[in-house]
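Peer 1: Each chain is listed here by its residues.
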Amino acid sequence: MVEARIAFTSVGKRYGKLWALKGVTASFQQGEVIMVIGPNGSGKTTLIKCLLGLVRPSEGSIAVNGSVIGTDPAYRRTIGYMPQISQFPAALTIGQLLDMMRDIRGLDKVTTKDELITSLGLDGQLEKRLSDLSGGTRQKVSAVLAFRSGPEVLVMDEPTAGLDPISAGKVLARAAEVRDNGGTVLITSHLMEEVESLADRVAYLEDGRLRFLLPIKEILERTGQSRLAKALPAMLEVHETESAVG
Amino acid sequence: MTKVFKYTLIDLARNRFVLGYALLMLLVAQGLFMVEDDPSKALLSLVQVVMALVPLIALVFTIVYSYDSLEFTQLLAVQPMARRSILAGQIGALCVALLVAQGFGLGLPLLVNDPGMAAVMLSISGSGLVLVFTALGVLIALKHREKARGVGVGLMVWFLFVLAYDALLMSLMFALNDYPIEPFIVPLAALNPIDMGRILVMLQIDLAAMMGYSGAVYKEFFGSAGGMAVAFGVMLIWFLVPTLLSFRTFQRKDL
Numbered sequence: 001m002v003e004a005r006i007a008f009t010s011v012g013k014r015y016g017k018l019w020a021l022k023g024v025t026a027s028f029q030q031g032e033v034i035m036v037i038g039p040n041g042s043g044k045t046t047l048i049k050c051l052l053g054l055v056r057p058s059e060g061s062i063a064v065n066g067s068v069i070g071t072d073p074a075y076r077r078t079i080g081y082m083p084q085i086s087q088f089p090a091a092l093t094i095g096q097l098l099d100m101m102r103d104i105r106g107l108d109k110v111t112t113k114d115e116l117i118t119s120l121g122l123d124g125q126l127e128k129r130l131s132d133l134s135g136g137t138r139q140k141v142s143a144v145l146a147f148r149s150g151p152e153v154l155v156m157d158e159p160t161a162g163l164d165p166i167s168a169g170k171v172l173a174r175a176a177e178v179r180d181n182g183g184t185v186l187i188t189s190h191l192m193e194e195v196e197s198l199a200d201r202v203a204y205l206e207d208g209r210l211r212f213l214l215p216i217k218e219i220l221e222r223t224g225q226s227r228l229a230k231a232l233p234a235m236l237e238v239h240e241t242e243s244a245v246g
Numbered sequence: 001m002t003k004v005f006k007y008t009l010i011d012l013a014r015n016r017f018v019l020g021y022a023l024l025m026l027l028v029a030q031g032l033f034m035v036e037d038d039p040s041k042a043l044l045s046l047v048q049v050v051m052a053l054v055p056l057i058a059l060v061f062t063i064v065y066s067y068d069s070l071e072f073t074q075l076l077a078v079q080p081m082a083r084r085s086i087l088a089g090q091i092g093a094l095c096v097a098l099l100v101a102q103g104f105g106l107g108l109p110l111l112v113n114d115p116g117m118a119a120v121m122l123s124i125s126g127s128g129l130v131l132v133f134t135a136l137g138v139l140i141a142l143k144h145r146e147k148a149r150g151v152g153v154g155l156m157v158w159f160l161f162v163l164a165y166d167a168l169l170m171s172l173m174f175a176l177n178d179y180p181i182e183p184f185i186v187p188l189a190a191l192n193p194i195d196m197g198r199i200l201v202m203l204q205i206d207l208a209a210m211m212g213y214s215g216a217v218y219k220e221f222f223g224s225a226g227g228m229a230v231a232f233g234v235m236l237i238w239f240l241v242p243t244l245l246s247f248r249t250f251q252r253k254d255l
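Protein chains in written order, with the numbering used here: chain A, 1 to 246; chain B, 1 to 255.
One thing to keep in mind: the hints can contain errors.
[Claimed, not checked] Pairs of lysine to any residue, SDA-like flavour, derived with a Cα cap of 20 angstroms:
no., chain 1, residue 1, chain 2, residue 2
1, B, K6, A, D108
2, B, K253, A, R102
3, B, K253, A, A90
4, B, K6, A, D72
5, B, K147, A, A90
6, B, K147, B, F17
Keep in mind the hints are simulated off the structure, nothing from the lab.
All of these numbers come straight from a predicted model, not from anything done at the bench.
Please construct the entire structure, taking both the sequences and the accompanying hints into account.
Peer 2: Here you go:
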């Protein structure tokens, strides 16, 4: 049996009395894109933050490539992250930020995958200060940072927010390349149409619990719908009925 | 750590607040020396300004910068780098940036107008206060999630050290003036880094003679090399304790 790239085992996170995440058990394989969706406050961001090591789970464990993640930051060498909000040191230039992150990751100029800099039109703006950038351009910088180390695990939080449609398409195409090269991609997005064609499975969270983790194809088949946006509400009903019967 | 330190320092070197701090100190220090004919009187006024202004600026700037850097700190924390390296780099860069700004704004006028032991001690005490209050600022920012609350707590801490503590100490001395409490003043003063800095400078100006028996006690204790070492040791503790607590907090903090 192939070892899961990412394995959540009974993961829970409590803030005071509130469980932001409860009993999440799921495995994500190599070469797949998982769309993590759910209503606001459902635990999507907490799930991602647990994987990234930004938040320490209150219970359960998370393994990446078979090793349970703890305080050793080495596992993050395999992870690329594109956050929803991109804030950088205001007085640095794009070039300085890219150099800084390359130094931190211990990458050299030859092996760093910087094609996105040109592809997203940032090559002429490397001397620009980060404080002078628009939200969309900051998001492009964030995309470059996420992809440049050739990640095995790519985590994208609302990756297309603030990006123009062409740039969004390029970023999602790169995410597909990561998947095709055996990487595991986790995407949270409210724009289902954009990500639907890319995703292999959907993880649906509600009230901190994983309601289901199913292939998109299966969701569409079971609900008889052609688009995920329409299939999801129907799927939730199917799931509730099945749970009641079961 | 060195990478975070290097690039945070580059960012801070272009920060308008840091540049403004350097210019403000330069303006105040040089202004005082120009207004007063007697450099020692100007120095005395400068001591009061430094003891109030330096802690306030170091605290508030550190707290605000820490909150404004939160998203970037998150991005750093998902890199293959230990959290202690991130914090060490950031604290180091904040301290160095503020120290350089202060060296330019305060050290330069002192060097030009009144070079001497008192000026050296004022520079050292001011630098010590930068370190202590930067460390406290980092700790406050890490302990409170909301920026407004963090700044509020910072202002309260500043008020406590600059005004409330001295008022409390004076009330105590006034209430117990029939008793020989001066020997207890030394350890009590050591609890407040600002008082500690002020005493060290005052002893160099020889103003301790005007401070009565308390001044004599200070002079007897802090006037010696051993006393000086204790004073700097206390300042170091004031820097190290919040710094270590910050590392502990940051290591466990959900970002």
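Peer 1: Now tell me if each hint is right for this structure.
Peer 2: So, going through the hints one by one against the coordinates:
no.: 1; hint: K6/B - D108/A; verdict: holds (18 angstroms)
no.: 2; hint: K253/B - R102/A; verdict: violated (25 angstroms)
no.: 3; hint: K253/B - A90/A; verdict: violated (24 angstroms)
no.: 4; hint: K6/B - D72/A; verdict: violated (23 angstroms)
no.: 5; hint: K147/B - A90/A; verdict: holds (18 angstroms)
no.: 6; hint: K147/B - F17/B; verdict: holds (17 angstroms)
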